[in-house]
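K.L.:
Take a look at the letters that make up each chain.
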Amino acid sequence: MENVVVDVLLAAGVGAELLCCVGVAVMRTTFDRLHYTAAGTTVGPFCILAAVLVREGFGQVGLNTIAAVALLFLAGPLLVHATARAARSRER
Amino acid sequence: MNAFETAALALLAGFVPLGWVCLRERELDGVVALELAGVVTTLVLICLAEGYHRGIYLGVAVVCSAVTWISGFVFARFFGQL
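Residue numbers (our numbering), protein chains in the order written: chain A, 16 to 107; chain B, 962 to 1043.
It is worth saying that the hints were derived from the structure and are not from the lab. Note that the Cβ used here is the ideal one computed from N, Cα and C, for glycine as well. One thing to keep in mind: the hints can contain errors.
Restraint ranges, calculated between C-beta atoms of paired labels, are given here [said to hold, decoys possible]:
1. B:Met962 with A:Asp47: 19 to 25 Å
2. B:Tyr1013 with A:Phe46: 34 to 40 Å
3. A:Arg107 with B:Arg985: 23 to 29 Å
4. A:Val41 with B:Ala1027: 28 to 34 Å
5. A:Ile81 with B:Trp981: 31 to 37 Å
6. A:Leu93 with B:Glu966: 14 to 20 Å
7. B:His1014 with A:Leu89: 26 to 32 Å
8. B:Glu966 with A:Phe46: 19 to 25 Å
9. B:Ile1031 with A:Val23: 31 to 37 Å
10. B:Arg985 with A:Arg100: 22 to 28 Å
11. A:Val69 with B:Ser1032: 30 to 36 Å
12. A:Val69 with B:Val977: 26 to 32 Å
Residues from chain B that face chain A, not an exhaustive set, calculated with beta carbons under 7 Å [stated by the list, open to error]:
13. Met962
14. Leu979
15. Glu988
16. Gly991
17. Val993
18. Tyr1018
19. Val1021
20. Ala1022
21. Ala1037
Kindly produce the complete structure, drawing on both the sequences and the hints.
P.N.:
Here it is as C-alpha cells:
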C-alpha cells in the first residue's frame, strides 16, 4: 500500500513539473511563462516531498527534503515577482 | 531501478523544452526557463538521493535550491537594468 501511495505521488509530481516545463515553452509572452514557473515551485515539489515523507517519515532525510522544498516554495514567488518587474521595466 | 530513480530520469526530460526556450526565445524568457530548470534540478537531486538511499546527498539539493534563488535574483536585476 505504501509503495502505491509513493508511486502515485511521484507520478503526480513529475507530471505536474513536466507540464510546467512544456507550458513555459508553449506560452508566448514572458508573463504567461512566469505563471508556469510559479506553478512549478508549488505543485510538483510538494508531491515529491509527500512521497519522500511517506517513504522515510520525519527523520533526517525527511527534514532535509522539507528544507529544500520550503526554500523553493518561499523563494519562488519572490523570484517570479523580481523577474516580472524586470520584464515590465524592459517593456517601457 | 526504483520509483525515485525513474522519477529523476523522467524529470530530466523537462530540460528539453526549457533548453529550447533558452536557445530560441528572448533573453528574459531564457531567464524564466533557467529559474524553472533550477527547480527541476533540485527535484532531480532529491529523487536521486532518495533513490540511492544516500540521505547525506540531500544537502546538495538544499544548496541547489538556495543557489537557484540567488542566481534568479542576479539575472532579474541585471536584465531589468539593461
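K.L.:
Each hint should be assessed against the structure and marked as holding or not.
P.N.:
Hint check results:
1. Met962 (chain B) and Asp47 (chain A) have their C-beta atoms about 36 Å apart, which leaves the hinted 19 to 25 Å range violated.
2. Checking the proposed 34 to 40 Å range against Tyr1013 (chain B) and Phe46 (chain A) shows it holds: the Cβ atoms sit about 39 Å from each other.
3. The hinted range of 23 to 29 Å is satisfied by Arg107 (chain A) and Arg985 (chain B), whose Cβ atoms lie roughly 25 Å apart.
4. In this structure, Val41 (chain A) and Ala1027 (chain B) meet the distance hint of 28 to 34 Å, their C-beta atoms being roughly 29 Å apart.
5. For the hinted restraint 31 to 37 Å between Ile81 (chain A) and Trp981 (chain B), the CB-CB distance of approximately 33 Å keeps it satisfied.
6. Checked against the given bound of 14 to 20 Å, the beta carbons of Leu93 (chain A) and Glu966 (chain B), roughly 32 Å apart, lie outside it.
7. Restraint check, His1014 (chain B) to Leu89 (chain A): a C-beta distance of roughly 28 Å satisfies the suggested window 26 to 32 Å.
8. Distance hint check: the CB atoms of Glu966 (chain B) and Phe46 (chain A) are about 36 Å apart, inconsistent with the given range 19 to 25 Å.
9. Separation of Ile1031 (chain B) from Val23 (chain A) is about 34 Å and conforms to the stated range, judged on CB atoms against 31 to 37 Å.
10. Restraint check, Arg985 (chain B) to Arg100 (chain A): a C-beta distance of roughly 24 Å satisfies the suggested window 22 to 28 Å.
11. Checking the proposed 30 to 36 Å range against Val69 (chain A) and Ser1032 (chain B) shows it holds: the Cβ atoms sit about 31 Å from each other.
12. For the hinted restraint 26 to 32 Å between Val69 (chain A) and Val977 (chain B), the CB-CB distance of approximately 29 Å keeps it satisfied.
13. A hinted interface residue such as Met962 (chain B) counts as satisfied when its beta carbon comes closer than 7 Å to some beta carbon of chain A; here the least separation is about 13 Å, so the hint is violated.
14. A hinted interface residue such as Leu979 (chain B) counts as satisfied when its beta carbon comes closer than 7 Å to some beta carbon of chain A; here the least separation is about 6 Å, so the hint holds.
15. Taken as an interface hint, Glu988 (chain B) does not check out: its beta carbon lies about 9 Å from the nearest beta carbon of chain A, beyond 7 Å.
16. Among the interface hints, the one on Gly991 (chain B) is violated; its C-beta lies about 10 Å from the nearest C-beta in chain A, farther than the 7 Å criterion.
17. Among the interface hints, the one on Val993 (chain B) holds; its C-beta lies about 5 Å from the nearest C-beta in chain A, closer than the 7 Å criterion.
18. Taking 7 Å as the C-beta cut-off, the interface hint given for Tyr1018 (chain B) is violated, the closest approach to chain A being about 9 Å.
19. Interface restraint check: Val1021 (chain B) against chain A, minimum CB-CB distance 9 Å, threshold 7 Å, status violated.
20. For the restraint placing Ala1022 (chain B) at the interface with chain A, the shortest Cβ-Cβ distance is roughly 4 Å, inside the 7 Å limit, so the hint holds.
21. This hint holds: Ala1037 (chain B) has a C-beta 4 Å from the nearest C-beta of chain A, less than the 7 Å allowed.
Checked against the numbered hints given earlier, this structure breaks hints 1, 6, 8, 13, 15, 16, 18, 19; the rest are met.
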